[in-house]
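Each protein sequence line maps, in turn, to chains A, B, C and D. Residues in the first sequence are numbered consecutively from 1, following our numbering. Residues in the second sequence are numbered consecutively from 1, following our numbering. Residues in the third sequence are numbered consecutively from 1, following our numbering. Residues in the fourth sequence are numbered consecutively from 1, following our numbering.
Treat the hints as calculated values from the structure; they're not laboratory data. Certain hints may be false.
Identical copies carry no separate label here, and so any pair may be met within one copy or between two of them.
Said to hold, decoys possible - Derived pair list, reagent style DSS-like, types lysine-lysine, alpha-carbon separation capped at 25 Å:
(1) 6 <-> 212
(2) 57 <-> 212
(3) 212 <-> 195
(4) 333 <-> 214
(5) 333 <-> 195
(6) 195 <-> 57
(7) 57 <-> 6
(8) 57 <-> 333
(9) 214 <-> 6
(10) 6 <-> 333
(11) 195 <-> 6
(12) 57 <-> 214
As the structure is a computational prediction, the values presented were derived from the model and not from experiment.
There are 4 protein chains.
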Amino acid sequence: MSVTNKHVRVGLIGAGRMGSFHATSLAQKVPGAVLAAVADPVPGAAQRLAEQLGAGKFYSEPQAMLDDPEIDAVLIATPARTHAELVAAAARAGKHVFCEKPMAITLEEADHAIAAARSAGVVLQVGFNRRFARGFAAALAAIAAGEIGTPQLIRSLTRDPSPLRDPSGIPPWTIYLETLIHDFDTLLHCNPGAKPVEVYAIADALVRPDFKDKGLLDTSVVTIRFDNGAIAVADASFEAVYGYDVRAEVFGSNGMFQMGNINVNNCVRYGAGGIAIETSRQDTDLLAEAYVAELSEFVRCAASGETPRATGEDARNALEIALACIASVRQGKPIQLRG
Amino acid sequence: MSVTNKHVRVGLIGAGRMGSFHATSLAQKVPGAVLAAVADPVPGAAQRLAEQLGAGKFYSEPQAMLDDPEIDAVLIATPARTHAELVAAAARAGKHVFCEKPMAITLEEADHAIAAARSAGVVLQVGFNRRFARGFAAALAAIAAGEIGTPQLIRSLTRDPSPLRDPSGIPPWTIYLETLIHDFDTLLHCNPGAKPVEVYAIADALVRPDFKDKGLLDTSVVTIRFDNGAIAVADASFEAVYGYDVRAEVFGSNGMFQMGNINVNNCVRYGAGGIAIETSRQDTDLLAEAYVAELSEFVRCAASGETPRATGEDARNALEIALACIASVRQGKPIQLRG
Amino acid sequence: MSVTNKHVRVGLIGAGRMGSFHATSLAQKVPGAVLAAVADPVPGAAQRLAEQLGAGKFYSEPQAMLDDPEIDAVLIATPARTHAELVAAAARAGKHVFCEKPMAITLEEADHAIAAARSAGVVLQVGFNRRFARGFAAALAAIAAGEIGTPQLIRSLTRDPSPLRDPSGIPPWTIYLETLIHDFDTLLHCNPGAKPVEVYAIADALVRPDFKDKGLLDTSVVTIRFDNGAIAVADASFEAVYGYDVRAEVFGSNGMFQMGNINVNNCVRYGAGGIAIETSRQDTDLLAEAYVAELSEFVRCAASGETPRATGEDARNALEIALACIASVRQGKPIQLRG
Amino acid sequence: MSVTNKHVRVGLIGAGRMGSFHATSLAQKVPGAVLAAVADPVPGAAQRLAEQLGAGKFYSEPQAMLDDPEIDAVLIATPARTHAELVAAAARAGKHVFCEKPMAITLEEADHAIAAARSAGVVLQVGFNRRFARGFAAALAAIAAGEIGTPQLIRSLTRDPSPLRDPSGIPPWTIYLETLIHDFDTLLHCNPGAKPVEVYAIADALVRPDFKDKGLLDTSVVTIRFDNGAIAVADASFEAVYGYDVRAEVFGSNGMFQMGNINVNNCVRYGAGGIAIETSRQDTDLLAEAYVAELSEFVRCAASGETPRATGEDARNALEIALACIASVRQGKPIQLRG
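Just chain A, with the same shape it has in the complex (with noise of 0.2 Å):
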């Protein structure tokens, strides 16, 4: 790809696993894009990266990466907690900003780094990839559309095939700031300009009952009621034996939407115990298209200015639900929102 002045030059704050694999995409799939540094407090993590990807320049801190003015925008893939201070001091500093899901874990938060991206007049998007999945936009689109009619019965699901070997690093809450909020996000948009007005969480810690007491759960169902009367399900799951299940379903007053298809590679096989598909053991491998096609609009709404399909008010609405689920289960009962 030739490099002319209108690339858009993006820096990577975090050098892990989620913040690698957006890196190698940008490097090397993204029309429009140059990795042009990567940060990372881990010793050595930023070089090593920038260098494998050639990256010209790297940083141990953040903020010096902000502070250079051959960088355009930054994708954010640190620790959750870190998202919307980071957001916000990336919008000051001028950058377009890419950051994972969840940008904030409180409203305030939230609301603060919206503010910030709005005044600086920078790109703000938020990683919600599933609605960059074939499958999901062109459902998406035809919803609202309206060619459904009104949707009345949702359903969205994350089932995570990672067996949980050592869950003593995961946040409690988990579930529902970084796997679900997929799904709230996902089901909100199945059901365009409604409003959610309650949320009912069942959780539990099936998969890894000895860790119920540190407060890991890792299963939960989530009803949430919208003002339009749609009912709407999620599902989670930390251990599908079976693979990485990402799928929902949108059943409207003319119509129903299935999205979502785990089979990895449209390639059957007929053996002696009959037919078998393939499944996919990772997102990035399930969702790959998605995960380029998510930063492809990231680069052209940097480059043009334009607003992204996942803004911050997005992530702010779908952590909204997440929090409420929270106080769902903590009550042991229906929160309503807004009232």
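Could you slot chains B, C and D onto chain A? The hints should help.
Relative to chain A, chains B, C and D alone:
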């Protein structure tokens, strides 16, 4: 079929849509059965159906049929509120009983019917046809055998394509007592041995909002928590434009099963608009094989004295959840069971 | 089922695997039928089956049954070489005839059987069960109605899971006369009104090469050119490790149909190895509904005098292709028909 | 993407539909590639595309580009008859070559091109994109590893949705040389190590019979017999109203694989007419991932000197079958190969 003294002579009580359908199956498709009589209070109805299907006798009152010693068994397909008393009367008369769901609409009635059948020593089977569909039967057997480990997340749904043109004759709680009661039975058998401990139901009149003030609810989502931690969700709608939809999914610690297939004939059409697959408009079409299979099992049990798969106790267990749903909707909160 | 004088009293000729299967269907699943007698030359075979299914009579010679005025119709399930003569004898005796495929193994025999049935005025139906499977029936009806325009490319296949443990009893040309004859019938009905003009068959002994010198061919591909330009291909194998496989596809100027589904129960398993779907090991399982449907049509036609869907002429048309295949394999070149 | 001296600088020859599509991939989606130049004899075409994609140079004559030492590799997307000579010229100039299929239209030309690449020591890859589609790649790898035992029955097809509005510019044997050549390549790789020994092709003008006398054949079925006994069938049509259709199936002694999926986005719509699934209208849409994957492999091989998956020899092998098809149609009989 040659008629020998080993054939089970079945009398139908209730010659409406379902009664006529079952009677046709008994007369033409169920091995070992003879449709011997029809009873219905509507003038001429019993006679018409009896003549059409070659049944020798017809009655306007069920008790007259129950007094007939040449009847071995009865099939009850009358309105729901009459079921339990007819079951008890038939049992007292020494007839084996197949009763359409719901077998009762109060727990007391259910207990009464079960006790009557037990003390008379007759077979009592309830019309939970779904468990006789090939896919459901195979999956439930495998789940009971432990093939997917411990069930954790369970889903079941019923969506009926019949447009609600005249909902005025539908009793208010039909969605729980007559529709979702199928799903409650399915969910209970998807989690064998576990007991439901909490039920939360959300319901609305989304198809016919003009009937909401008459108490008719046409859309609902029910969440059930079990004593083994599993969480189940059922949903129903009275108007699915795309056809009859009956599906279930059980996610366990060691795998998942999906049951139900709304494709009516496994013939796939490819046209200018892409790929098209036909669905069913009638439960009697979608579940055609299952309707015959449940009656075949009933006739076999009536002849042999074996216990059928779908018992009076099963009817009571599903009814308990349906009643909890009604309480949950009335009170707007989760209902605890057995506590 | 009440037995009235309108019931068709059917006698079975040939109490082997298929005969016993059909007799069970007649006795237990086919409306309007009575299994009245069984004939088989194997000592005790007819009596055993008759007693097991409640048929009142049994014979060691078919002619005795044909002479019985209390028999309305016969079902012929003897070895293929005896079919045509039995059809003619039954017709002469005034019995309606259902004959397993192939109805004949020479065109002269086929003509003789057809003529005998016609001059006796009896119904003659041939066991092309596939056309009675729901998916095939729906697609063939739609194709006949012109829904996909003019057929251009047609495919049909039969793959049998039975391992060829003892192929020594299988006649040499079985793959054409008994297996692919189903596909030839399907292909002809996928292109209604058109005539085959050229047949080219390639065959080999790939499953059991050790039987090749005895003339047993277990794998074949047949290409057929029609007078409307359409080109059809059929293939067959005698050992499909993954289960019974019967499918067809018709591509036309205005669309395509796919028929056949090898998934036996529409229950999908998800396990550590991905997604798994069960198949059938027996045609009588895979096509269970179709086997009952063809007999139901036969009994209906025998009672009413209507012409069944699968006629003696259909048998002759499929046989003509099978014979051309044999000639093509012998001569190693395409065979022109009717010219 | 940062441009370093390790990037492969690719020049495009032929700025038509496919050339422009590939150039866009090279400029925007292929890691390690730089689109450095465009050559096309049509006035303005090379310049327009070069400017649009940021390629620094443009030429009206390919030789000028071949003389440029700053070009490492070329992608040939000109009309088929010019391919082989351009491959040889590029090889002589020391450029790595990616050539669209067919690489040659005579075996002599093919040998010449292969020899030129070999003696120059450059990478030569041919555009058999299908093998780079996920499903095909997974199945072919498993087949090569022996997972289904010995291949016995093989099928491949290509059906193109483009209506043949103006077939006047299409060369007569396009269906073999440009369309089915993909299937021949697939079939050869579905039966690794085996050699085709007989080819029989039937062809007709069913889509546009009015062009038949100009030699344009738009529908064909090809049967291929291999030296290991396997029998393969390919079919093609130039007008599939339902969308782009590319599939294959390999049946072996120990199982079967199906490859290809014409559903474009895994989003399923349920409406009043049943279930509907969208298809693709363009190969570049249906096989989007595969087109990028083949170029990524080319660039990787050009940088490393590895041998690509789709070689000049593969092009020759597929061409040999295409030429036998032409002979078979001309002579109206099966053609023996190598003998």
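Quick rundown of the hints versus the structure:
{"no.": "1", "hint": "6 <-> 212", "result": "neither (51 Å within a copy, 52 Å between copies)"}
{"no.": "2", "hint": "57 <-> 212", "result": "neither (43 Å within a copy, 64 Å between copies)"}
{"no.": "3", "hint": "212 <-> 195", "result": "between (32 Å within a copy, 21 Å between copies)"}
{"no.": "4", "hint": "333 <-> 214", "result": "within (21 Å within a copy, 28 Å between copies)"}
{"no.": "5", "hint": "333 <-> 195", "result": "both (20 Å within a copy, 20 Å between copies)"}
{"no.": "6", "hint": "195 <-> 57", "result": "neither (44 Å within a copy, 54 Å between copies)"}
{"no.": "7", "hint": "57 <-> 6", "result": "both (19 Å within a copy, 18 Å between copies)"}
{"no.": "8", "hint": "57 <-> 333", "result": "neither (51 Å within a copy, 57 Å between copies)"}
{"no.": "9", "hint": "214 <-> 6", "result": "neither (50 Å within a copy, 51 Å between copies)"}
{"no.": "10", "hint": "6 <-> 333", "result": "neither (53 Å within a copy, 57 Å between copies)"}
{"no.": "11", "hint": "195 <-> 6", "result": "neither (39 Å within a copy, 53 Å between copies)"}
{"no.": "12", "hint": "57 <-> 214", "result": "neither (41 Å within a copy, 63 Å between copies)"}
Hint check: violations occur at hints 1, 2, 6, 8, 9, 10, 11 and 12; the rest are consistent with the structure.
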